[in-house]
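*Asks:* Here is how the chains run, residue by residue.
Protein chains: 2
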Amino acid sequence: MRDLEISNQELSDIAEEALGLAKSYWASLEGRRAYPSTTSENTTELFSRPWLENGRGREILQDFKSIAEHARPGTGRFFGYVVGSGEPIGALGELLAAVLNQNVTSWRSAPAATSIERAVVGWLAEAVGCAGFTGSLCGGGSMANLMALAMAREAKLPANETGVQPCVVYASEQVHMSIPKAVALLGIGRKNLRLIPVDDKFKMRTDALQAAITADREAGNVPIAIVATVGTIVSGAIDPLPEIADVARREALWMHVDGAYGGMAALAVPEKFQGLSFADSLSLDAHKWLYQPLDCGCLLNRHPDIARTTFSHSDDYVRILSEDPTEAFAFFEESIELSRRFRALKLWMSLQFHGRGAYREAIRRDLDHAQILAQTIALHPELERLAPVSLSAVCFRHRSKDNEAILRRVIARGRVYLSNATINGQFVLRACFVNHRTTPDDVRAIVSEIIAAAEELNC
Amino acid sequence: MRDLEISNQELSDIAEEALGLAKSYWASLEGRRAYPSTTSENTTELFSRPWLENGRGREILQDFKSIAEHARPGTGRFFGYVVGSGEPIGALGELLAAVLNQNVTSWRSAPAATSIERAVVGWLAEAVGCAGFTGSLCGGGSMANLMALAMAREAKLPANETGVQPCVVYASEQVHMSIPKAVALLGIGRKNLRLIPVDDKFKMRTDALQAAITADREAGNVPIAIVATVGTIVSGAIDPLPEIADVARREALWMHVDGAYGGMAALAVPEKFQGLSFADSLSLDAHKWLYQPLDCGCLLNRHPDIARTTFSHSDDYVRILSEDPTEAFAFFEESIELSRRFRALKLWMSLQFHGRGAYREAIRRDLDHAQILAQTIALHPELERLAPVSLSAVCFRHRSKDNEAILRRVIARGRVYLSNATINGQFVLRACFVNHRTTPDDVRAIVSEIIAAAEELNC
Numbered sequence: 001m002r003d004l005e006i007s008n009q010e011l012s013d014i015a016e017e018a019l020g021l022a023k024s025y026w027a028s029l030e031g032r033r034a035y036p037s038t039t040s041e042n043t044t045e046l047f048s049r050p051w052l053e054n055g056r057g058r059e060i061l062q063d064f065k066s067i068a069e070h071a072r073p074g075t076g077r078f079f080g081y082v083v084g085s086g087e088p089i090g091a092l093g094e095l096l097a098a099v100l101n102q103n104v105t106s107w108r109s110a111p112a113a114t115s116i117e118r119a120v121v122g123w124l125a126e127a128v129g130c131a132g133f134t135g136s137l138c139g140g141g142s143m144a145n146l147m148a149l150a151m152a153r154e155a156k157l158p159a160n161e162t163g164v165q166p167c168v169v170y171a172s173e174q175v176h177m178s179i180p181k182a183v184a185l186l187g188i189g190r191k192n193l194r195l196i197p198v199d200d201k202f203k204m205r206t207d208a209l210q211a212a213i214t215a216d217r218e219a220g221n222v223p224i225a226i227v228a229t230v231g232t233i234v235s236g237a238i239d240p241l242p243e244i245a246d247v248a249r250r251e252a253l254w255m256h257v258d259g260a261y262g263g264m265a266a267l268a269v270p271e272k273f274q275g276l277s278f279a280d281s282l283s284l285d286a287h288k289w290l291y292q293p294l295d296c297g298c299l300l301n302r303h304p305d306i307a308r309t310t311f312s313h314s315d316d317y318v319r320i321l322s323e324d325p326t327e328a329f330a331f332f333e334e335s336i337e338l339s340r341r342f343r344a345l346k347l348w349m350s351l352q353f354h355g356r357g358a359y360r361e362a363i364r365r366d367l368d369h370a371q372i373l374a375q376t377i378a379l380h381p382e383l384e385r386l387a388p389v390s391l392s393a394v395c396f397r398h399r400s401k402d403n404e405a406i407l408r409r410v411i412a413r414g415r416v417y418l419s420n421a422t423i424n425g426q427f428v429l430r431a432c433f434v435n436h437r438t439t440p441d442d443v444r445a446i447v448s449e450i451i452a453a454a455e456e457l458n459c
Numbered sequence: 001m002r003d004l005e006i007s008n009q010e011l012s013d014i015a016e017e018a019l020g021l022a023k024s025y026w027a028s029l030e031g032r033r034a035y036p037s038t039t040s041e042n043t044t045e046l047f048s049r050p051w052l053e054n055g056r057g058r059e060i061l062q063d064f065k066s067i068a069e070h071a072r073p074g075t076g077r078f079f080g081y082v083v084g085s086g087e088p089i090g091a092l093g094e095l096l097a098a099v100l101n102q103n104v105t106s107w108r109s110a111p112a113a114t115s116i117e118r119a120v121v122g123w124l125a126e127a128v129g130c131a132g133f134t135g136s137l138c139g140g141g142s143m144a145n146l147m148a149l150a151m152a153r154e155a156k157l158p159a160n161e162t163g164v165q166p167c168v169v170y171a172s173e174q175v176h177m178s179i180p181k182a183v184a185l186l187g188i189g190r191k192n193l194r195l196i197p198v199d200d201k202f203k204m205r206t207d208a209l210q211a212a213i214t215a216d217r218e219a220g221n222v223p224i225a226i227v228a229t230v231g232t233i234v235s236g237a238i239d240p241l242p243e244i245a246d247v248a249r250r251e252a253l254w255m256h257v258d259g260a261y262g263g264m265a266a267l268a269v270p271e272k273f274q275g276l277s278f279a280d281s282l283s284l285d286a287h288k289w290l291y292q293p294l295d296c297g298c299l300l301n302r303h304p305d306i307a308r309t310t311f312s313h314s315d316d317y318v319r320i321l322s323e324d325p326t327e328a329f330a331f332f333e334e335s336i337e338l339s340r341r342f343r344a345l346k347l348w349m350s351l352q353f354h355g356r357g358a359y360r361e362a363i364r365r366d367l368d369h370a371q372i373l374a375q376t377i378a379l380h381p382e383l384e385r386l387a388p389v390s391l392s393a394v395c396f397r398h399r400s401k402d403n404e405a406i407l408r409r410v411i412a413r414g415r416v417y418l419s420n421a422t423i424n425g426q427f428v429l430r431a432c433f434v435n436h437r438t439t440p441d442d443v444r445a446i447v448s449e450i451i452a453a454a455e456e457l458n459c
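Chains as they are written, first to last, in our numbering: chain D, 1 to 459; chain B, 1 to 459.
One or more hints might be untrue.
Note that the list lumps identical chains together, so a pair holds whenever it fits in one copy or between two copies.
Stated by the list, open to error - Mimicking EDC-like on lysine to aspartate or glutamate, the simulated pairs with C-alpha atoms at most 20 Å apart in a straight line are:
(1) 23 with 5
(2) 191 with 161
(3) 272 with 126
(4) 65 with 13
(5) 23 with 126
(6) 401 with 161
(7) 23 with 13
(8) 191 with 271
(9) 201 with 41
(10) 65 with 441
(11) 401 with 69
Quick caveat, the hints were computed from the structure, so don't treat them as lab data.
This is chain D alone, in the form it adopts within the complex (with noise of 0.2 Å):
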């Protein structure tokens, strides 16, 4: 039996058979397939394993080859979803940031690590034009939307004592899973969330927003908040913030803006998110388009004190003993967490290392294949685009096939890897460029794999 010691030398050995196996995949990734040719039978068989009572010791980095071999790899060619692409960078700092292990609750028992958090939710407010915002990072989109809508349910109609009342909270109707989740697990009810129609452009309707709060206020319900979005999950829309900032201040709800998807693209292209320093609560995700590795996310916020009603529940074990106003910091005053993982690292070393000039540019380069693709499909006459480019989506099918036919297919060859959504019931295929690594013939072959994919349908 090994004891959990290790010595310094064998650990060092280790640590770099290990660094060995990252460099060797970094090295590896262009070769790779873009999704994996693998089943449930192949990882059932691989990683069904017990818990042995012996240790197996240094053979178990073994295991990383065929784990790298049944994962997505983060090459340039993969499309799906909203997947960042994992500044390598930044996972040198997820290892530095798991040596330190920092419990990064307060300052008090992480003082480096909690300064660095909070001056780099500076660096993100700032970049996105809403500087002086405060805030912390957190998990991801979910979390941060439901710590935003969490605050404006304390803010408007407070819960945290005496339980919900009745209250209703608007968004478009291609808002994000996660709000119809957060407002359940809040109490509200899905019933309470209304589904504002957008307009041809995805765009959340104003006109359509102010009807519905009143009918609301004429049914005797009780408004509470909106929540825009700045890059809808499907299409990329960006709702129309001053109209609905004017809205918020109008019928005093809270204003949330769910930027997960795009708000980091405000550092490139500020322009689109005229009015983003209106929002009381402000989602990001720098594992997204800021290329970090999972996970980071985070909720920006303009109202700090609203943050420390709705999520302080502290006991003494935790008490802090300080007068000093930095020192009497606790980010669990201000958020979900208790314990907390020092996020913030990666995105003081990747964030330093590259410039804020690097990312500006790296995000115009996935605007820019965007439109490359939007003009590509233009050119072929088989395929057609079913939704304006607003952001780096681009949603759009052949005409004359069976498209899921063609995206199995697509995936199963293996040099591009798109995902699926749905356009007016319709089933659409979806390319999302917020990846660092993608080449504009990476886009390119995006066509051309298509169309191979349907000639294949023929055969």
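Given chain D's structure and the hints, the job is docking chain B onto it.
*Replies:* Okay, now just chain B, sitting in the frame of chain D:
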């Protein structure tokens, strides 16, 4: 301006430098102070910095030294809160997880990672005597407890569609702050959390629990769930699970067990955890008493159908095309998060590397260390213990001195770190052992440091 792409050679060089920092840090651990000598002025000066337009490149690695100097180190002499020791093989697992950058939403998005997570969740369940439970990894106890109570609510008084109805949750007055926080978030209202008195061992009094439920029913209130705690945060008390399970069964209530601190000790001392498998849901934290780097919480449960009812709000854009049950599996339909990092890889590597026996022994040593401390306290006339030592937390005080002043001095001396808690309104010192690096000498240093600090107060 730098591009985000870096050459394999440059990346290799930087990665070696980062690993060198990690190795030096590990080798330096035992020589470090148990808590850094730092102030808010230090960390503000060091870590307030703008995100510059141009990249700083490799020089950002030079920050690591000052970050480590202003961070809580994972030495064997840190006994504050419940902080695991960051097992290094687990940290290497975090590197490889960040390199692979899987988004473990579902098998479709991450085949190997999904199979591995399902395997390690099974290991944890089996290790604590709950074979057959399913579940998922999450950020920590706060998230696991929130998910558990969301499931309880949905199982007993469905709220997702129409909103919360008045209902009541029961827990002991020693319950962790994440439970009132979850009750508030779920819209139940903290006034509907009944804090049941404890006995002289800080265990929930089942007679009082039953009386409270009966009184609520007579008043027309609707009980839905009981939260038992295995390892209360202050003293490590284990609530009487078989008796609580009897009440839950008789009253048809959900029984959640918060084992974030203590649950994993069932691997080493199962006799203390009789009745754990009666739980409907169980929170565990592998980043606490399984020594893993943050974050690695887990919610186990016996009701995957209720998990799906509670958390499934899926959109077409994540619609899974497979009919195979493994390939159609999606974590986001059974938990809160959508984007999810590959938390399971560190468990896969670290747990197999060392083997189950090594973990069992490490937990036993922690239990022994608590007994050693209790014995040392008993031998010292100026010290008194204030709670039984049920697991590995020891609460005590100096009989005649200002214990808050002693604690400040102990921390400033830097040899050991303790935290504080409140017992019967009294400020107490608290040491908790969940650290594979701790030696008996480290344990003995606690009392000598307390006495030395107390003597300094006389000067």
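*Asks:* Would you mind marking each hint as holding or not holding in the structure?
*Replies:* Results of checking the hints against the structure:
With identical chains, the CA atoms of residue 23 and residue 5 are at most 20 Å apart between copies only, with a shortest distance of 15 Å across copies and 26 Å within one. Taking the shortest Cα distances, residue 191 and residue 161 sit within 20 Å of each other only across copies (6 Å), while inside one copy they are farther apart (23 Å). Within a single copy, residue 272 and residue 126 get their C-alpha atoms as close as 16 Å, which meets the 20 Å cut-off; across copies the closest is 52 Å, which misses it. Proximity of residue 65 to residue 13 under the C-alpha cut-off of 20 Å is restricted to the intra-copy arrangement: shortest distance 18 Å within a copy versus 22 Å between copies.
In this homomeric assembly, residue 23 and residue 126 never come within 20 Å of each other (Cα to Cα): the closest approach is 34 Å inside a single copy and 35 Å across copies. When the C-alpha separation of residue 401 and residue 161 is checked against a cutoff of 20 Å, the pair qualifies neither within a copy, at 56 Å, nor between copies, at 38 Å. For a Cα distance limit of 20 Å, the shortest separation of residue 23 from residue 13 qualifies both inside one copy, at 15 Å, and across copies, at 10 Å. Taking CA atoms no more than 20 Å apart as the test, residue 191 paired with residue 271 passes in neither setting, with 35 Å inside one copy and 47 Å between copies.
In the homo-oligomer, the alpha carbons of residue 201 and residue 41 never lie at most 20 Å apart, since the shortest distance is 43 Å inside one protomer and 50 Å across protomers. In the homo-oligomer, the alpha carbons of residue 65 and residue 441 never lie at most 20 Å apart, since the shortest distance is 28 Å inside one protomer and 42 Å across protomers. Taking CA atoms no more than 20 Å apart as the test, residue 401 paired with residue 69 passes in neither setting, with 31 Å inside one copy and 62 Å between copies.
Hints 5, 6, 8, 9, 10 and 11, counting from the list given before, are not met by this structure.
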